[in-house]
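Student: Here the protein sequences come in this chain order: A and B. In terms of this note's numbering, the first sequence has 5 at position 5, counting the first letter as 1, and numbering is strictly consecutive. Heads up: take any position in the second sequence, counting from 1, add 1000, and you land on this note's numbering.
Treat the hints as calculated values from the structure; they're not laboratory data. Note that the structure is predicted; figures quoted are calculated from it, not measured. Think of the CB as a built atom: it goes at the ideal place given N, C-alpha and C, for glycine as much as any other residue. Hints are supplied without guarantee of correctness; some may be wrong.
Straight-line alpha carbon distances no greater than 27 Å define the calculated DSSO-like cross-link-like pairs of lysine-lysine that follow [stated by the list, open to error]:
#1 B:1092 - B:1162
#2 A:212 - B:1162
#3 A:374 - B:1342
#4 A:470 - A:361
#5 A:365 - B:1092
#6 A:436 - A:523
#7 B:1162 - A:523
#8 A:365 - A:447
Negatives, chain A to chain B, calculated, CB over 12 Å [unchecked claim]:
#9 9
#10 103
#11 188
#12 204
#13 300
#14 372
#15 404
#16 472
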Amino acid sequence: MAEIQEKIAKLFPQATFEQGDVLRICIPDAQWHDLASALRHDPDLNYDYMITIAGMDWRTSLGCVYFLQSTTRGNDVISVKVETTDRENPMLHSVADLWAVATLYEREVYDFFGIIFINNPDMRRLFLNIDWVGYPLRKDYDQDPALNPITTESERQSDFTQTWVEGPDGKVEKKEVRIFQPEEFVVNIGPQHPSTHGVLRFRTAVDGEIIKKIDVYMGYIHRGVEKLCEDLTYQQTLHYMDRLDYFSAHNYHHGLCRLIERAAGIQITRRAEVIRVMMDELSRIASHCLFMGTFCMDLGATSMLFYTLRVREMILDIMEKTCGARMTFNYDCIGGVMQDLAPDFQKDVKALLAVIPANIKEYNKVFVGNVIAKERMVGVGYLSKEDAIDYAVTGPSGRASGWSCDIRKIRPYSIYPELDFEEVLMAEGDAMARFKVRLREIEESAKILAQLVDNIPEGEYCVKVPKMLKLPVGHWWEMVEGCRGVFGLYLESDGTAKPYRLKIAPPCLPLAGVVDHITEGMKIADLITIGGSLDYIIPDMDR
Amino acid sequence: MIPLVIDDFSVVCDAVNNFLLYTCGLPKWLTVTIECIGVGVGLLLAYALLALFYILYERKICAYIQCRVGPVRVGPWGLFQSFADMFKILIKELIHLDNIDRFLFALAPYLVIIASVICFAVLPWGNGLQIIDFNIGIFFLIACSSIGVLGILLAGWSSANKFTLIGAMRSGAQMVSYELSVGLSILTMVCLAGTMSVGGIVAEQENLWFIFKGHVPAVIAFVIYMIAATAETNRGPFDLPEAESELTAGYHTEYSGIHFGFFYLAEYLNLFIVSGVASLMFFGGWMPLHFPGWDTFNHIMDYCPSVIWFLLKCFVLSYVIIWFKWTFPRLRIDNLLALEWKYLLPINLANLVLMVLIIVFGWHIV
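Produce the entire structure from the sequences given, and follow the hints as far as they go.
Tutor: Below is the structure:
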């Protein structure tokens, strides 16, 4: 870390540094693009993976905190803070040319904070309606419902996007750019469509069966979770983690609990850690089972769903006994878990572990070896490792491209360092690889469960925490491995009982962002295969 | 060989005819009209009942494959479930849409169902139980079944919807392609039969079903026929025109009420019809299982009425097609066309030559 700081300080004398759980570089906007370029391309730095951009309103200024990770140098994370004091017409320089995923992230920041990114090719709102008044995550946002009434009319739609381009003389000019040409045959896939897995919308320009371009529209179930969290106590914010990626509810809870516990200096018992990890891995199996079922259903093999749901049902039964719910468990809490394990827990998990190998064998037999399935999946939706990193495609989809991005391995947390399991990597990068990675991850998760099921230590399942938890002033960063990829959380606290800003970096947003890139020139049927194999969850990307 | 229980239905038909013509003393034109109406009503009734049965049949098989029980609530084993569904679909509103070609939109489902009813009429139901038997019977059947694709194309085109349009185009490409395979595999068997008359084809199989008589080329033709027929009926894994996960419902997305019901019924009946044609061309139509020389065996087989033989064959063959649907993933359009044009068609042509050689040199069994 120190040598990186030294190197950057030498290159950019204006930069200032803050130590925290991750190194923070503060840089004026004028130098930001140069710094970004150095961070991205300098072989000693090589921060090639942009985890997220957290838009911020510090009342006196607006700005962004960029979180970057180097995949080649030990996966260390740094953050860069860039701010602007102009609240009327805030502008920052875009880094969309350096990290492909930044295009999407900057749109999100624009949507919530109104910060315009110069040279970003597509500066539209991302989640909110194009007629929305105001920027909701600004601290001075007017929540008056009269400003944004519930409309009974169809959403206005534009074939144009806007971009602010900086000329050679430094003058910034606004331009309108056409997304689809008038003569193009644009099919609207979604928001109500069986295989977008929720309300996601692809405007797809097709030439016969061939896809020319896809424009992704999201935000149909945007609930403003980040905004809502700012009005809630820390304990209350946890509930929303169930409602992002509802299949990774335990994992996301785990992430936020870890973040808050670390910030508050709470030490939880080992029993609670083990329970949390077991629940995480059970969720992972359940999630991957559902993935396989729905993915096969997208390909037209309807029966597979019932075969995979049999395993998932067992897991949901286990969770129901302990958590009292089959979805939105709200089980992990600050200080441990909500209640102790059900008496049958160990017996049920063992019963589950006993049936998993036979089921996996069956899935392989029924689907993977099928000639039509091979035709549909092999070579479809190829994503190279470089692109996976560039587009921040993490989780099983990223690992199918050969990118080692499992947080459990590369930045181990909780009790994962003690556990014996493998990170499943494949090099093919196609839909088949994404399917197989998940199939094998079930085995690995089962391996973890087998190691833990007989070793749940005695002890308290939850330590005492004050009812009104206040965190000290500061900021923290946490990453955990959800079922679909890296789940990042950035928390800024002003010392009160409510978070000043809680930025959620979901794995599914980049997954939707990469669809256009990998579907170009493919068939309509391949769009379904690719969408299914990426396995995005809409509430997770919309928040 | 004296057929013992093969109930020859022509006896019944003649009796009715004589009753009307001579006993009642009706003029010939009136007799024919009454008979036609009787046949028509019977046909439509059989059509509707079979469709309802097939809906239940598929749901039960699908449930069995998917480790479920299927419909069980309405009636014993859910027997009346399809009746309930039918009534529901009958009382549903026909939604009128803007911007559609009203005439073609309304015409399309009728074309589909008419094509299917006509084909239904040509099938050899039983000994003497056939509505029309003429010398180009099987040719007529293929011709009529092709009308169906017109209905599907019109439905997709007139709905003014991009999904339906893509579905219709897929369907056009698919059905035109696979009709070749269906036609050629039937032609292979017609060579063996030496006649295109449906009755004649059945009669030719009195000693041995064609699938045994024509051995290798017949089996190849049968496999190709089953694949192509599944594609012809737009069923999974060839259900691209209505690929649910891609095009919501494909060409019939915009249809509602009984108009949708027509497409739905026609799909199930087409399943029955292609099974019927397969049983006609390969398994002897209504002809019981006979082996040359096995007189006692043949005799026992004859105890089962011919109608039952025919229906059983159809149900078994339909089971295979339903089994396809619930186990295979869907093909992609380029796979689908490659399968037809690169594999099935050349194999089919070679198979036709093989069959001709076998006939010329008399290498077939019996």
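Student: So which of those numbered hints doesn't the model satisfy?
Tutor: 4, 5, 11, 12, 13 and 14
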